[in-house]
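Modelling step: build the complete structure from the supplied sequences, incorporating the hints.
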Amino acid sequence: MIGNPAANLERHLKRHHSNEFKTVQQKKKIKLNIRDEATPSTSGSSGSQETLDKYVKSEFLKVKLNKEIVLKACIELITVNGCSFEMLEYSGFKKILNPIVNAIGNHFSVNSENIKLLIP
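Residue 79 in full-length UniProt numbering sits at position 79 of the sequence shown, with consecutive numbering throughout.
Don't read these hints as lab results, they were simulated from the structure.
Remember, it's a predicted structure, so these values are computed and weren't measured experimentally.
Treat the hints with care, as some may be off.
Claimed, not checked - Result set (DSS-like, lysine-lysine): computed pairs, CA atoms no more than 27 angstroms apart in a straight line: (1) K95 / K57; (2) K64 / K28; (3) K54 / K27; (4) K57 / K14; (5) K22 / K64; (6) K62 / K94; (7) K54 / K14; (8) K67 / K29; (9) K72 / K54; (10) K31 / K64; (11) K64 / K116; (12) K64 / K94; (13) K31 / K57; (14) K62 / K95; (15) K54 / K28; (16) K31 / K67; (17) K116 / K67; (18) K28 / K62; (19) K62 / K72; (20) K28 / K14; (21) K27 / K14; (22) K94 / K116; (23) K31 / K54; (24) K57 / K27; (25) K72 / K57; (26) K72 / K116.
Now the structure itself:
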(Lines of atoms letter the chains of each structure in order from A; the text may use other names.)
(Lines give C-alpha, C1' and ligand atoms only; values in the text may rest on other atoms or scores of the structure.)
Protein backbone atom coordinates (compact mmCIF):
# COMPACT_ATOMS: atom_id res chain seq x y z
CA MET A 1 0.00 0.00 0.00
CA ILE A 2 1.11 3.49 -0.75
CA GLY A 3 0.67 6.29 1.76
CA ASN A 4 -1.13 6.11 5.06
CA PRO A 5 -3.83 3.39 5.06
CA ALA A 6 -5.36 4.77 8.27
CA ALA A 7 -5.77 8.30 6.89
CA ASN A 8 -9.50 7.95 6.18
CA LEU A 9 -10.14 6.68 9.69
CA GLU A 10 -8.07 9.47 11.20
CA ARG A 11 -9.94 12.12 9.19
CA HIS A 12 -13.27 10.63 10.26
CA LEU A 13 -12.22 10.61 13.92
CA LYS A 14 -10.93 14.19 13.67
CA ARG A 15 -14.16 15.48 12.11
CA HIS A 16 -16.76 13.48 14.01
CA HIS A 17 -15.15 12.14 17.20
CA SER A 18 -12.68 14.76 18.40
CA ASN A 19 -12.12 13.25 21.86
CA GLU A 20 -11.33 9.84 20.42
CA PHE A 21 -9.07 11.47 17.80
CA LYS A 22 -7.08 13.20 20.56
CA THR A 23 -6.73 9.88 22.38
CA VAL A 24 -5.48 8.16 19.22
CA GLN A 25 -2.99 10.95 18.54
CA GLN A 26 -1.63 10.75 22.09
CA LYS A 27 -1.23 6.98 21.80
CA LYS A 28 0.52 7.36 18.44
CA LYS A 29 2.99 9.84 19.95
CA ILE A 30 3.71 7.49 22.85
CA LYS A 31 4.12 4.57 20.45
CA LEU A 32 6.51 6.57 18.23
CA ASN A 33 8.59 7.59 21.25
CA ILE A 34 8.86 3.97 22.35
CA ARG A 35 9.90 2.88 18.84
CA ASP A 36 12.55 5.61 18.64
CA GLU A 37 14.05 4.50 21.95
CA ALA A 38 13.98 0.79 21.09
CA THR A 39 16.70 -1.07 19.24
CA PRO A 40 15.83 -1.42 15.53
CA SER A 41 14.23 -4.74 14.65
CA THR A 42 16.10 -7.06 12.31
CA SER A 43 12.90 -8.71 11.08
CA GLY A 44 11.59 -5.54 9.47
CA SER A 45 8.20 -6.00 11.13
CA SER A 46 6.78 -3.19 13.20
CA GLY A 47 4.65 -5.47 15.39
CA SER A 48 1.00 -6.39 15.32
CA GLN A 49 -1.63 -4.11 13.89
CA GLU A 50 -3.86 -2.30 16.34
CA THR A 51 -7.59 -3.05 16.15
CA LEU A 52 -10.45 -0.58 16.30
CA ASP A 53 -12.02 -2.36 19.28
CA LYS A 54 -10.45 0.18 21.63
CA TYR A 55 -12.12 3.08 19.84
CA VAL A 56 -15.49 1.74 18.67
CA LYS A 57 -18.29 1.00 21.09
CA SER A 58 -20.17 -2.26 20.58
CA GLU A 59 -23.81 -2.17 19.53
CA PHE A 60 -24.45 -5.29 21.58
CA LEU A 61 -25.32 -5.46 25.25
CA LYS A 62 -24.60 -8.26 27.65
CA VAL A 63 -27.61 -8.79 29.90
CA LYS A 64 -28.12 -11.51 32.50
CA LEU A 65 -31.47 -13.03 31.56
CA ASN A 66 -32.78 -16.53 31.32
CA LYS A 67 -36.06 -18.27 30.56
CA GLU A 68 -37.30 -18.13 34.16
CA ILE A 69 -36.60 -14.41 34.58
CA VAL A 70 -38.45 -13.58 31.35
CA LEU A 71 -41.47 -15.72 32.27
CA LYS A 72 -41.65 -14.33 35.81
CA ALA A 73 -41.46 -10.77 34.46
CA CYS A 74 -44.32 -11.44 32.03
CA ILE A 75 -46.42 -12.99 34.79
CA GLU A 76 -45.69 -9.94 36.98
CA LEU A 77 -46.81 -7.60 34.19
CA ILE A 78 -50.20 -9.34 34.17
CA THR A 79 -50.76 -10.14 37.85
CA VAL A 80 -49.05 -7.27 39.70
CA ASN A 81 -48.91 -4.42 37.18
CA GLY A 82 -52.42 -4.98 35.81
CA CYS A 83 -51.50 -5.27 32.13
CA SER A 84 -53.82 -7.24 29.89
CA PHE A 85 -52.81 -10.50 28.25
CA GLU A 86 -53.21 -8.61 24.98
CA MET A 87 -50.14 -6.55 25.89
CA LEU A 88 -47.99 -9.65 25.37
CA GLU A 89 -48.97 -9.57 21.68
CA TYR A 90 -48.29 -5.83 21.12
CA SER A 91 -45.78 -5.19 18.35
CA GLY A 92 -43.66 -2.89 20.53
CA PHE A 93 -43.44 -5.49 23.29
CA LYS A 94 -42.53 -8.14 20.70
CA LYS A 95 -39.74 -5.90 19.33
CA ILE A 96 -38.21 -5.82 22.80
CA LEU A 97 -38.86 -9.46 23.62
CA ASN A 98 -38.05 -11.26 20.34
CA PRO A 99 -34.26 -10.78 20.47
CA ILE A 100 -34.30 -12.20 24.00
CA VAL A 101 -36.53 -15.12 23.02
CA ASN A 102 -34.31 -15.87 20.01
CA ALA A 103 -31.18 -15.78 22.18
CA ILE A 104 -32.71 -18.24 24.66
CA GLY A 105 -33.67 -20.58 21.80
CA ASN A 106 -34.87 -24.15 22.44
CA HIS A 107 -38.34 -23.38 21.01
CA PHE A 108 -38.92 -20.88 23.84
CA SER A 109 -41.78 -18.46 23.22
CA VAL A 110 -43.80 -15.91 25.12
CA ASN A 111 -47.44 -15.35 24.26
CA SER A 112 -50.71 -14.85 26.08
CA GLU A 113 -51.59 -18.55 25.89
CA ASN A 114 -48.46 -19.93 27.54
CA ILE A 115 -48.42 -17.18 30.18
CA LYS A 116 -52.07 -17.97 31.08
CA LEU A 117 -51.02 -21.57 31.72
CA LEU A 118 -48.35 -20.41 34.18
CA ILE A 119 -50.66 -18.26 36.32
CA PRO A 120 -52.25 -20.29 39.14
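Cross-check of the supplied hints:
no.	hint	result
1	K95 / K57	holds (23 angstroms)
2	K64 / K28	violated (37 angstroms)
3	K54 / K27	holds (11 angstroms)
4	K57 / K14	holds (17 angstroms)
5	K22 / K64	violated (35 angstroms)
6	K62 / K94	holds (19 angstroms)
7	K54 / K14	holds (16 angstroms)
8	K67 / K29	violated (49 angstroms)
9	K72 / K54	violated (37 angstroms)
10	K31 / K64	violated (38 angstroms)
11	K64 / K116	holds (25 angstroms)
12	K64 / K94	holds (19 angstroms)
13	K31 / K57	holds (23 angstroms)
14	K62 / K95	holds (17 angstroms)
15	K54 / K28	holds (13 angstroms)
16	K31 / K67	violated (47 angstroms)
17	K116 / K67	holds (16 angstroms)
18	K28 / K62	violated (31 angstroms)
19	K62 / K72	holds (20 angstroms)
20	K28 / K14	holds (14 angstroms)
21	K27 / K14	holds (15 angstroms)
22	K94 / K116	holds (17 angstroms)
23	K31 / K54	holds (15 angstroms)
24	K57 / K27	holds (18 angstroms)
25	K72 / K57	violated (32 angstroms)
26	K72 / K116	holds (12 angstroms)
When held up to the earlier numbered hints, the structure conflicts with 2, 5, 8, 9, 10, 16, 18, 25 and fits the remainder.
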